[in-house]
Amino acid sequence: MSKVVGININKDPIDEASVWITRLDRGLSNQELRELKTWLQDSPTNTETFMQLVELWDKMESLSQLSELFPRKLQNVSSKKAPVLAWAASFIFASLISLGLWFNADLFLGSNATQIVQFNNEYETKIGEQSTISLQDKTQIKLNTNSLVKVTYTDKQRVFELIRGEMHVVVAHNKQKPLSVYAGSNIIQAVGTAFNVELAADEVELIVTDGKVLVTDINSQNVAPLKLKNVYLPPKSFAVSKGQKAQLKASNTNIIGSDEVKLASDLAWQQGNLVFRGESLFEAMQEVARYTNYQFDFGDEEIKHLQIAGLFKTSDISGFLAALESNFDVIFEKLSDNKIRLNKKPQSN
Numbered sequence: 001m002s003k004v005v006g007i008n009i010n011k012d013p014i015d016e017a018s019v020w021i022t023r024l025d026r027g028l029s030n031q032e033l034r035e036l037k038t039w040l041q042d043s044p045t046n047t048e049t050f051m052q053l054v055e056l057w058d059k060m061e062s063l064s065q066l067s068e069l070f071p072r073k074l075q076n077v078s079s080k081k082a083p084v085l086a087w088a089a090s091f092i093f094a095s096l097i098s099l100g101l102w103f104n105a106d107l108f109l110g111s112n113a114t115q116i117v118q119f120n121n122e123y124e125t126k127i128g129e130q131s132t133i134s135l136q137d138k139t140q141i142k143l144n145t146n147s148l149v150k151v152t153y154t155d156k157q158r159v160f161e162l163i164r165g166e167m168h169v170v171v172a173h174n175k176q177k178p179l180s181v182y183a184g185s186n187i188i189q190a191v192g193t194a195f196n197v198e199l200a201a202d203e204v205e206l207i208v209t210d211g212k213v214l215v216t217d218i219n220s221q222n223v224a225p226l227k228l229k230n231v232y233l234p235p236k237s238f239a240v241s242k243g244q245k246a247q248l249k250a251s252n253t254n255i256i257g258s259d260e261v262k263l264a265s266d267l268a269w270q271q272g273n274l275v276f277r278g279e280s281l282f283e284a285m286q287e288v289a290r291y292t293n294y295q296f297d298f299g300d301e302e303i304k305h306l307q308i309a310g311l312f313k314t315s316d317i318s319g320f321l322a323a324l325e326s327n328f329d330v331i332f333e334k335l336s337d338n339k340i341r342l343n344k345k346p347q348s349n
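Residue numbers 1 to 349, in the UniProt record's numbering, belong to the letters of the sequence shown in order.
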């Protein structure tokens with residue numbers, strides 16, 4: 001199971017004003033009336049924001065209960081929309097709030113935001129945990145161990161921010177809303193493909209398992225993702241196609257492999273497996289460490305270079321250590337609750 005962490009959006013005047021407008025539309029109780037007056041008097045910003053939304057949604061008539069607070073505004077502002085349109089706007093607004101959707105405040109307050117956020121959430125796995133998430137548009141994410149991704153859907157695009165770890169994404173086809181993964185210093189964009197992204201310390205590893213994706217550097221965009229007017233990457237961006245593996249670095253992006261067997265090994269984690277095909281013991285233990293809280297060190301520098309081959313379960317680290325002893329003459333010693341030392345097995349006399 002994944003740990004789903006809802007985005008903690010701090011209340012601001014526009015959020016609270018929006019709620020008060022929907023209450024005004026159905027009528028305020030005496031208690032609500034007192035609470036609204038108190039909220040309006042708490043801050044000039046509250047009052048200003050409230051009046052902006054009142055005018056936007058043509059709710060001046062609903063302020064009759066608060067006429068003592070807005071005498072001049074009520075006299076000076078006339079209705080600009082037909083009653084039916086005003087009712088429809090209020091109904092849509094209330095429905096969106098009831099569904100848990102929220103609008104970018106900049107849109108109401110006249111900033112240069114160009115997108116409306118329709119959904120956002122964070123999905124996380126712990127060390128040793130894997131999880132599959134199905135989103136509302138049928139896009140699927142499979143998160144590997146110790147991974148965190150932030151997902152934001154707007155009216156123009158789908159934005160995935162990989163904060164740490166690794167994920168495989170099967171993208172639901174939608175030409176009108178491209179899906180962009182922000183990982184490290186890179187943007188990976190698709191409209192209906194499947195690909196694997198792993199975020200390492202100084203690079204991003206990309207494997208395309210279906211279709212084609214475009215890649216560019218984040219610095220090629222001059223504004224934040226949700227401020228973009230054109231959400232599509234240029235067609236001449238670096239392309240990675242099905243069956244290709246790319247190494248994405250800040251300085252350059254290169255195709256580094258297309259061997260089907262090797263790529264299958266890299267993606268074996270999706271079936272809960274670790275596959276080694278001649279990697280050094282040092283490299284293998286670095287990979288194993290991703291799936292456990294144990295730290296590994298080496299009592300003998302020589303064994304770091306032993307070549308390891310085989311298939312192991314990510315959930316069975318004890319079995320992996322037992323296989324090292326029986327097949328590669330490497331023994332282990334538990335030094336503490338989270339530290340294990342590897343040594344070469346002593347030769348028997």
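Be a bit skeptical, because a hint or two may be false.
Unchecked claim - Derived CB-CB ranges, DEER-like:
| id | residue 1 | residue 2 | range |
| --- | --- | --- | --- |
| 1 | ASN222 | ASP337 | 48 to 56 Å |
| 2 | SER318 | SER258 | 30 to 38 Å |
| 3 | ARG277 | GLU161 | 48 to 56 Å |
| 4 | GLU287 | ASN174 | 40 to 48 Å |
| 5 | ARG164 | GLY310 | 37 to 45 Å |
| 6 | LYS177 | GLY310 | 37 to 45 Å |
| 7 | LYS212 | HIS305 | 20 to 28 Å |
Stated by the list, open to error - Below 35 Å or equal to it, Euclidean Cα-Cα: the simulated DSBU-like pairs (lysine-lysine) are:
| id | residue 1 | residue 2 |
| --- | --- | --- |
| 8 | LYS262 | LYS229 |
| 9 | LYS339 | LYS229 |
| 10 | LYS229 | LYS245 |
Hint data in this document are derived by calculation from the structure and do not stem from the laboratory.
Cβ coordinates follow ideal geometry from the N, Cα and C atoms, glycine included.
Here is how each hint holds up against the structure:
Distance hint for ASN222 and ASP337: a CB-CB separation of about 49 Å, consistent with the stated range 48 to 56 Å. Between SER318 and SER258 the CB atoms are about 35 Å apart, so this pair conforms to the stated range of 30 to 38 Å. Checked against the hint of 48 to 56 Å, the pair ARG277 and GLU161 fails, with Cβ atoms roughly 32 Å apart. At about 35 Å, the CB distance of GLU287 to ASN174 disagrees with the hint of 40 to 48 Å.
Checked against the hint of 37 to 45 Å, the C-beta distance between ARG164 and GLY310 comes to roughly 28 Å, which is inconsistent with it. The supplied range of 37 to 45 Å is met by LYS177 and GLY310, whose beta-carbon atoms lie about 43 Å from each other. Checking the proposed 20 to 28 Å range against LYS212 and HIS305 shows it is violated: the Cβ atoms sit about 38 Å from each other. Taking the CA atoms of LYS262 and LYS229, the gap is near 40 Å; set against the 35 Å cutoff, the hint is violated.
The straight-line distance between the Cα atoms of LYS339 and LYS229 is roughly 51 Å, outside the 35 Å bound, and the hint therefore fails. Taken as a hint, the LYS229 and LYS245 pair is honoured in the structure, with Cα atoms around 31 Å apart against an allowance of 35 Å.
In this structure, the hints that do not hold are numbers 3, 4, 5, 7, 8, 9, in rising order.
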